[in-house]
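Protein chains in written order, with the working numbering: chain B, 1 to 243; chain A, 1 to 109.
In case anyone wonders, no lab produced these hints; they're calculated from the structure.
None of these values were measured; they are calculated from a predicted model.
Even glycine gets a Cβ: it sits at the ideal position worked out from N, Cα and C.
Just so you know, not all the hints are guaranteed correct.
Claimed, not checked - Label-pair ranges, simulated between beta-carbon atoms: (1) N68(B) to R101(A): 51 to 59 Å; (2) F110(B) to V26(A): 38 to 46 Å; (3) N68(B) to L79(A): 34 to 42 Å; (4) R185(B) to P18(A): 39 to 47 Å.
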Amino acid sequence: MLSTEPLLKVSLWRGGRDGGFQAYQVPQYENQTVLDVVTWVQRHIDPALSYRFACRVGMCGSCAMTVNGRPRWTCRTHISAVAKDGAVEIAPLENFPVIKDLAVDMQPFFEKWQAAKGVFAPSKTRRDEMVALRPGSVGRIAVDQAIGCINCGVCYAACDTVRWNKDYLGPAQLNRAWTLVNDVRDAENTERLRAVASKGGCLSCHSHQSCQEYCPIGLNPTASIAGLKRRTVQAFFKGTISA
Amino acid sequence: MSIRLYIWQRVTAALLVPMICVHVAVIFYAMRRGLTAADILSRTHGSVAWALFYGTFVVIAAVHGSIGIRNVLAEWSPLTDRAAGITAAIFGTTLVVFGFRAVAAVVLV
């Protein structure tokens, strides 16, 4: 394909975790995202290239990859912001099993999400009165600061503790638990605190703050995990949960 | 890490901070005043206050350090949690023994 555009040197990871980088040349355009580049390679050079995306606007959390060594959401990352000397290296997320090429297996991520009791447990039925949630209450402010997670897995890929400790639940999972612990409507917070205080839970976090540094939407899971640590210690002294 | 170990590590850390400040201040004092070993020992020999301070320091540092060592071993070594705990307990006990020996050498007449 002939093109008058400047060419970008792109290295894409091919194969499983034991695979390797393969070099491509892709025409460079203005406002081109990393996801655009990956898509161009699949559409024009190699239809067998595997990767994952859906919304392309930073809503679904499907397209995260490692770009020049940093985990990023690729649909909202401009090539101009990350290319170095006209080159960019794109790999699958760290800390996940690789299915093929740039697509990782999210199953362990969501299994840990369940283990952290990241599912809302209703305390009322449809026949009960709606609970009035005060936006200015301490609990609701804590929820609002942590609620926007799109489960892209960037924090999980960036986390050193996830890398070292296979039991560690992970920053996104604990952040989700923190939003529910602060939700007055939830009925299972004792069980949730028990889950996040168990082996591999919030007390394993080293507060390196990589999750906060890399979160594409600016959440601070480290702060949420610190909140969970305080709540678990309080629950321990109250006798609600045991060691 | 269990909640109990987590609380022990945090509590001992909170106690160690002021004690380390006192320890460092004493070092600066001794250095700036040019105190010899004999000068220092003449002040510490028979001192119940220094015996209590450094005796407590040794115990707290041993508890804090051994919990940290246990975590490092559990995360970075192939040891099981139980083996990491036993190794850390041996490490902590060693710290207590050598620490008390050092305190005794300084305060006992």
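**Study point:** Earlier hints that do not hold, by number
**Key:** 2
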